[in-house]
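2 protein chains.
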Amino acid sequence: MPELKPDMNDGRMRAIIERITPSVDGGRFAAKRIVGDSVAVEADCFTDGHDTLACLLLWRREGEQKWHEAPMAPLVNDRWRGSFAAQSVGRYQYTVTAWVDHFLSWRHDFARRVEREDLRVAALAGAGLIEDAAGRAPARECQRLQGWAGRLRAEVDTPALKELGLDQELGALAARYPDRRYASTCPVEHPLVVDRERARFSSWYEMFPRSASGEPGRHGTLRDCEARLPYVAKMGFDVLYLPPIHPIGRINRKGANNTLVAGSGGVGSPWAIGSAEGGHKALHPELGTMADFRRLLASAQSQGMEIALDIAFQCAPDHPYVKAHPQWFRWRPDGTVQYAENPPKKYQDIFPFEFESDDWRGLWQELAGVIGFWAAEGVRIFRVDNPHTKPFPFWEWAITELKREYPDAIFLAEAFTRPKLMHRLAKLGFTQSYTYFAWRNTKHELTEYFTGLTQGPGREYFRPNAWPNTPDILTEYLQYGGRPAFVVRIVLAATLAASYGIYGPAFELAEATPREYGTEDYLDSEKYQIRSWNLDAPHSLSELIARVNRARRENPALQSDATLRFFPVDNDNLMCYAKADAAMENLVVTVVNLDPHHVQSGWVELDLAALGIDAQTPYQMHDLLSGARFLWSGPRNFVQLDPQRAPAHVFALRRKMRTERNFDYFL
Amino acid sequence: MPELKPDMNDGRMRAIIERITPSVDGGRFAAKRIVGDSVAVEADCFTDGHDTLACLLLWRREGEQKWHEAPMAPLVNDRWRGSFAAQSVGRYQYTVTAWVDHFLSWRHDFARRVEREDLRVAALAGAGLIEDAAGRAPARECQRLQGWAGRLRAEVDTPALKELGLDQELGALAARYPDRRYASTCPVEHPLVVDRERARFSSWYEMFPRSASGEPGRHGTLRDCEARLPYVAKMGFDVLYLPPIHPIGRINRKGANNTLVAGSGGVGSPWAIGSAEGGHKALHPELGTMADFRRLLASAQSQGMEIALDIAFQCAPDHPYVKAHPQWFRWRPDGTVQYAENPPKKYQDIFPFEFESDDWRGLWQELAGVIGFWAAEGVRIFRVDNPHTKPFPFWEWAITELKREYPDAIFLAEAFTRPKLMHRLAKLGFTQSYTYFAWRNTKHELTEYFTGLTQGPGREYFRPNAWPNTPDILTEYLQYGGRPAFVVRIVLAATLAASYGIYGPAFELAEATPREYGTEDYLDSEKYQIRSWNLDAPHSLSELIARVNRARRENPALQSDATLRFFPVDNDNLMCYAKADAAMENLVVTVVNLDPHHVQSGWVELDLAALGIDAQTPYQMHDLLSGARFLWSGPRNFVQLDPQRAPAHVFALRRKMRTERNFDYFL
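Read top to bottom, the protein sequences are chains A and B.
By the working numbering, the letter at position 185 of the first sequence is numbered 185, and the numbering carries on one by one without gaps.
When you read off a place in the second sequence, starting at 1, and then add 1000, the result is the number in the working numbering.
Treat the hints with care, as some may be off.
Examples of chain B residues lying across from chain A (beta carbon under 10 Å, computed) [what the hints assert, rightly or not]: (1) I1016; (2) D1025; (3) E1042; (4) D1044; (5) G1049; (6) R1332; (7) N1342; (8) L1363; (9) I1371; (10) G1372; (11) P1391; (12) W1397; (13) L1421.
Here are some chain B residues the structure puts well away from chain A; computed CB gaps all over 12 Å [unchecked claim]: (14) S1023; (15) H1102; (16) A1127; (17) P1216; (18) N1252; (19) A1276; (20) M1290; (21) A1291; (22) E1306; (23) R1330; (24) E1341; (25) L1544; (26) D1572.
Honestly, the hints are just simulated from the structure, not real lab data.
In this text the structure is predicted, and so the values were computed from the model without any measurement.
Note that the Cβ used here is the ideal one computed from N, Cα and C, for glycine as well.
Okay, chain A solo, but in the shape it has when bound (with noise of 0.2 Å):
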């Protein structure tokens, strides 16, 4: 006969409570979202028979030791919802509890009884129900509680024994003081990241500190930086990434376009970090001091922008760590530190650290520390060079620990490998990822790409960084499509994600020389040598970089991605899609012709009711980019772009409104 196991659950436990979302891994990883965001958690709830069930959705900044309570309320289907307001950065957890709920279930009945006899013995049941919830509440509402049983057990009349059981007022009451001694509560407290406004919704312009003197064959330094901000913040980007600022190593220093060897003069690889100078702590001495560092911090940040730096975990062959802890490098058998190689190939300016060392909590104490230091110097912005070489539990614990001290730091991934990977590190923590959309080209490219992050299962976890180029990724359409490529590309890049970023001056500068044609490496790439800019170009495409920037900032549909919806065009080198903010009152509707080269035009089909627009009533398309407004009506509209000429609109759609205030747009 079977038996019952007594450290089981107790059987009066009868609320299921299934499938809670937003979940990812079922609660192994966090959710992301904003500060400021309302979180909206929903779950499966029933219970077996006919009672009415009472759900909450429990909530708590992490280390709180109480509970938060919201309500959840019945969608369809037997899923439930409720929501918190995050209203400060930092980690949350969510649960739901449910119970069968006595009260409620008697209410429920009660007002379907019909016969009078049949009430008065619900009515003394009711009472009994409300006298139990009198005992659970404090003393002034106990005593109207109480008042009203001993109403509904001498209530001799039908009707108005019947109005009396439903109070409305007095049932209000007493459900706020259910019995929750049988409630069910989901053991799994899903972890939630609420992070600052710039995790979801930033632009980024990456430039080598080393060729921003403006005087060839001058070493740039961190004060040509500081004259260079105006620059960029004019642009309108609001990160400024800089390449690693450590010290090079000597040993094994590559040479322009990637040669074996330096020779005299020549500057290496920021990449290869480490030389008798100094390691990731310090300052390449010729970019400047660290009094240097602070000024373009704070000058940065007066100008509305940040530096984010790049964390790179490896080493030249004359960092420091190499004598200081030769155990955290891999020998070889020959008595040589193992460098980095993908045989054939060798890269024997860079030693990787060997994570199966037996000291890798040293290593990890370190390598975190390294982060730390430069956030105590007021970085909160962090490129992670490569970070899928490392492990991913090293990552996990150095970002939710480092968080924990500074919640309001960011780290992108710089991880281009396998998508389950990418997925993997965005789930253990990295708050943005760069993403495959430098190879996507084509319309069903795009829209496969982008559907996919912003409706599949990564929406709650993987916030995409979209660059068009970096330093190692010249893309054969850039090569190709002359300066119409460059404004198709940041135009899809900035309108498709709300985090996109270039890398400049050869971004704007439209520089696309390879290496050698059949590869994707610049030509004199700056990853080995300093050039030297003329920003002044006049087919400079900072004017329209600034003007993509200003669309972005002023419209919050372009500040997230969860909005993002494709509309068909009749011409597959036309693609049109749309964002909104989450009130549906900001809509940007874009247009782009993928192709560099000509001419094309079509018809787009908006789905009105989707956006929410009368399919009668004309609306006004504001092209963001040309100033030039259309009037268009119904969901058809035919659209012409000429690559040479503007191979993009980007339109703020404005609903036309009845009151006289609103009709200003047509001026």
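Fit chain B to the given chain A structure using the hints.
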């Protein structure tokens, strides 16, 4: 500075394991399989960097200490798959372990090395790894591996060294003794329930024993049921399900057509269980004795059938429990027991159990004991009445524990309720589930519903059992569609679902008169009175049913639901679908005219590639109902179905083979 907690995992555990399938609610519930199945388990497994991963599937029968290991191989995109054979019924567990395999990584790189010095140093490193493997190997293999390592250290000729390092046999040997110190193992031990074949493939016939006498006016007995067995067996059913066979309450007994008073001679509803003669462990005296019952079980078994009993946990007012265990019922303030009600409706012949009783443990034990009692008598199939009106945790405990003692037990959940509740019952342990099939009539409805059942998450745990009618469900389609409607519905049930059932003889005699139009109740329902049936009526469908059931027995394609696939027909009254066995050797294509009134015709479009058919070669369609054979070719073929003659084709699709031996079907 971030702290490393002493209880965290070793940081050298670098393998990541995600998204194991099958997985029901992340391993909270068991997936279901059938004895003899190969259980394929998949997981996303990967690690940082470029090292080579090794993965193993771990599995064991519940209760075993040691895991068995099965190899896993990569599919695509970091997905791995392994499998094990479910060799006996019962509960299993499985999980996945993975580690970074340094020997495999070494071999991968060694194959790509070119330079003499590079190979020499790598050979020394490899020799060290091989010596480590030798230390984990038994004596003989240890010696072989050490010999290999020694030769690797000594070899000076470059081509010979490369060949030696890549020795296939020695490499495979070393790989058998990996270093698993830092292996990651998914901590969720996923449960699996392995049932006997009838859990997946069963044909049910429901019959009221008291109507089995064949003589108008005489109460049928279990002996009469025994005499009826050959009739049921001839139709090809393998489960004979009897409504409750226990004493029927006398207090508030219902009369014919569900009238409030039974009157003298009224037999009452078998679901009003319990009287002075006994309760759930007793037999209704008019049906016979326990000796008769045992004879019935044995006789059914000898004819290839099993008896299924009805488990209806509720009591008539005169059930012995009411006096013996008053604490198992809810008492009203007027001192009476709470009867079943759905205000303003009352069901005063039925007392539900009070599962919130302080003695819930005693109640659970007793109810599980009821099932245990009949299981001890040899019953292994239970149709559970309204399980969704009893607490879900009760069923999870009772079914799990009963199946530990009777692992071949089968439980069918009769829960015609909301989808989430039905799924919960299936997840927590019910072997099969009634469905909404009875109310899905159009091509769109049937396609949507069965696609969801066979391809949605429920495919791992929800086994549909499709019934065109029950004593409570005489659908509108059957009421108005005449005899063709009955043929259509049984063909659909029997070919869409591997398990199905009918309530007879009402079904095969096409009984179609409702108690009242607008309801689904039968006129003169057997629930409340004895009926006498003319089994030899010329319009009986028994011969057609026999053909349908023979087609099911002889075609493995119809014995599982996993491969169900729908094909387009250019007429919405015609629907077409196919099933295949696991090896795709047995193919059954069904075409049904859903319109019971008119001849319908149209072009069926098979997906030949999915069915493994050469588009250039004709194939044979053998109608298992009529015996007719058609030669089809290409994807599009014409079908015309006259409901008066034959509303459906159930085709065995036979591919033309090239060997002479296989031409015999063209005779």
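Okay, which hints does this one fail, numbers in order?
Hint check: 3, 14, 15, 16, 23 and 24 fail, others pass.
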